[in-house]
Amino acid sequence: MIVDNASKSANTRAWFAAMSELGSDKLRIYSLTEPGSEASAQNLAARHANGDYLLMLSPHAVLHQADWLQGLLNHAQRPEVGIVGPRILTPQGSILYAGMVMGMDGLAGRPFISYPAGSSSYMQRLQLTQNWSAVSGNCLMVRKDVFDGAGAMEAATFTQGLQDLDLCMRVGREGYLIVGTPDSSLVLAEPAAAERSEASRQALDNEQQSFFEKWLPRMARDPAYNPNLNLTEVQAFDLDPGLQMGWEPFCTRHLPSILGMLVNSSAVGHYRVSQPMLELIAAGRVVGRMSYESITPVEVERQRPDVIVFQGRYSEPKIKDIVLSKSYSSAMRIFELDDYIIDVPERNEHRRSMPDNIAQMLRKGIGLCDRVVVSTQPLAQALSSMHSDIRVVPNMLASHLWSSLRSQRRTSGKPRIGWGGGTSHRGDLELIVDVVRELADEVEWVFFGMCPDLLKPYIHEFHSAVSLNSYPAKLASLNLDLALAPLEFHIFNDCKSNLRLLEYGACGYPVICSDTEAYRGHLPATRIYTNSSEEWLQAIRMHLSDPNASYRMGDELRETVLRDFMLRGENLQYWANGWLPD
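The sequence shown begins at 1 in full-length UniProt numbering and counts up by one.
Any given hint could be a false lead.
Claimed, not checked - Here are the simulated DSBU-like pairs of lysine-lysine, each with C-alpha atoms no more than 35 Å apart in a straight line:
id	residue 1	residue 2
1	364	320
2	214	26
3	414	456
4	320	214
5	144	8
6	26	8
7	474	456
8	214	326
9	474	364
10	364	318
11	318	414
12	214	144
13	364	326
To be verified - Label pairs and their computed distance ranges (CB to CB):
id	residue 1	residue 2	range
14	468	5	56 to 62 Å
15	237	144	31 to 37 Å
16	73	292	43 to 49 Å
17	267	199	42 to 48 Å
18	144	320	40 to 46 Å
19	129	267	49 to 55 Å
20	292	198	28 to 34 Å
21	208	292	20 to 26 Å
22	218	320	20 to 26 Å
23	473	206	50 to 56 Å
What the hints contain is simulated information worked out from the structure, not anything from laboratory work.
Note that the Cβ used here is the ideal one computed from N, Cα and C, for glycine as well.
The whole structure should be built from the sequences, with the hints applied where relevant.
Encoded structure:
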């Protein structure tokens, strides 16, 4: 049976007419009066079919195996089997379809794609008949009574090519097996797909959403695929690396589950998401896992988190993560932010990467979430018009990295004065150009992480950036007699945290810092109120004139940091209050 989908070509219509005139009882041609979906064409053919079995076959299939049909019938005749699919190859002989895993690479994926047909593959699966949750609609055999009992193809809902997956899911739901077998093999020689129109793309997006809404719980727990395995085609049957944490071996959950969507694995991700989560897990307060990439609705449903923490989601693609989670998950959504990205200083290198509509995007992302967690009270105040539930959770240091650091003092003939940090502080460091120049012969200037070109002629040492885990020990090894923390007077810096002082304090360094909102509070340090070179020079000379008093200030700062700002014990309650439902 061939269905003509309202062909426009005169040559095509003439060919169909000629085939109809053959008068063979083995060939029947049906035509749709108006162009319709593939599902509509399949339903039309099924209504006129007389046999006990239906075979949906792509017009691009190349039948090269003499007993390919018998290989399918052998399994279709088993009463427990509802649908059978063959092994489908490319013209070059590699695997195109062996079976479908639901949720893989989004909606449904093809494990073993591009493997040579003779490959053994994982557990010899390419050479074995096995049960899947779906097989390809390019060649799909189904018993007629099973097809009719399932309600045929969902032609009204799925017009863009998802009807075969939906049929497999419905048949499987009725208790029938969906079988893929290498006993039957064919080649699919599809032409390059034409680019979809905007209307077609939108229709496909809508139908994919309908598919997720209908089948998401079953997709996330595909009975043919272990939920601990990776959901990408290229890593099919590999252990999901994200499950190094968040493993839940029990049927019921006794702790809140958190999914952390980190912006990166560097400092901002470490301080604001990954290390707090690891400490909460170690303390037996939560279970959870983290992802540095966007994840699919199926991956979210696999974990079924109680809370999703979205860090720095203020670009259109990243905001889509929040939209998807709102559509398919009941988890509480938390927006995590630690910088006032709406107004970045001119000389901060991150300014170049901020979109022009950053304020609009940030408001949109925050508006999609149930709560906002920020690092400082000034940042909470600056964002107060965007959300009614903004909670402040201060930055803290990981004990295993920072609590046992020891730096040495008076290791050189001249005092060692320095700065350490990230690569976005050119404007801050250029505040002290004249100071560095003035004291170049009196002290050893040490810079770690970055050093603006204007300062380089006057410094004694420069140390390149290191990995996050190596950073604390490296900072302590600078053996500074005095550490500086200059910041431009700017709303961006007012909203920053006191993290630089915490890191210096853990090393026992006495500190001179700009008197911005970020550095105010009870941490002992000498504060600069004008950021003038004269005031900086005066403060530095004061410390150098009485080094013992300066060192006592460093000891006091270290004691305060280790007592009040370590990520352990009662301090974990800050994060529990920020992340967990009330």
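Now for the hints, and whether the structure bears them out:
1. 364 / 320: Holds - the C-alpha atoms of residue 320 and residue 364 are around 11 Å apart, at most 35 Å.
2. 214 / 26: violated (38 Å)
3. 414 / 456: holds (18 Å)
4. 320 / 214: holds (20 Å)
5. 144 / 8: It holds: about 31 Å lies between the C-alpha atoms, which stays within 35 Å.
6. 26 / 8: holds (25 Å)
7. 474 / 456: holds (20 Å)
8. 214 / 326: It holds: about 16 Å lies between the C-alpha atoms, which stays within 35 Å.
9. 474 / 364: Violated. Residue 474 to residue 364 sits at ~40 Å, over the 35 Å cutoff.
10. 364 / 318: At roughly 11 Å apart (the allowed maximum being 35 Å), residue 318 and residue 364 satisfy the hint.
11. 318 / 414: Violated, at about 50 Å.
12. 214 / 144: holds (24 Å)
13. 364 / 326: Distance ~13 Å between residue 364 and residue 326 Cα, so the pair holds.
14. 468 / 5: 56 to 62 Å: holds (58 Å)
15. 237 / 144: 31 to 37 Å: holds (34 Å)
16. 73 / 292: 43 to 49 Å: The hint (43 to 49 Å, Cβ to Cβ) holds, given that residue 73 and residue 292 are roughly 48 Å apart.
17. 267 / 199: 42 to 48 Å: holds (45 Å)
18. 144 / 320: 40 to 46 Å: holds (42 Å)
19. 129 / 267: 49 to 55 Å: holds (52 Å)
20. 292 / 198: 28 to 34 Å: holds (31 Å)
21. 208 / 292: 20 to 26 Å: Given about 24 Å between the Cβ atoms, the range holds.
22. 218 / 320: 20 to 26 Å: holds (24 Å)
23. 473 / 206: 50 to 56 Å: About 54 Å separates the Cβ atoms of residue 473 and residue 206, which means 50 to 56 Å holds.
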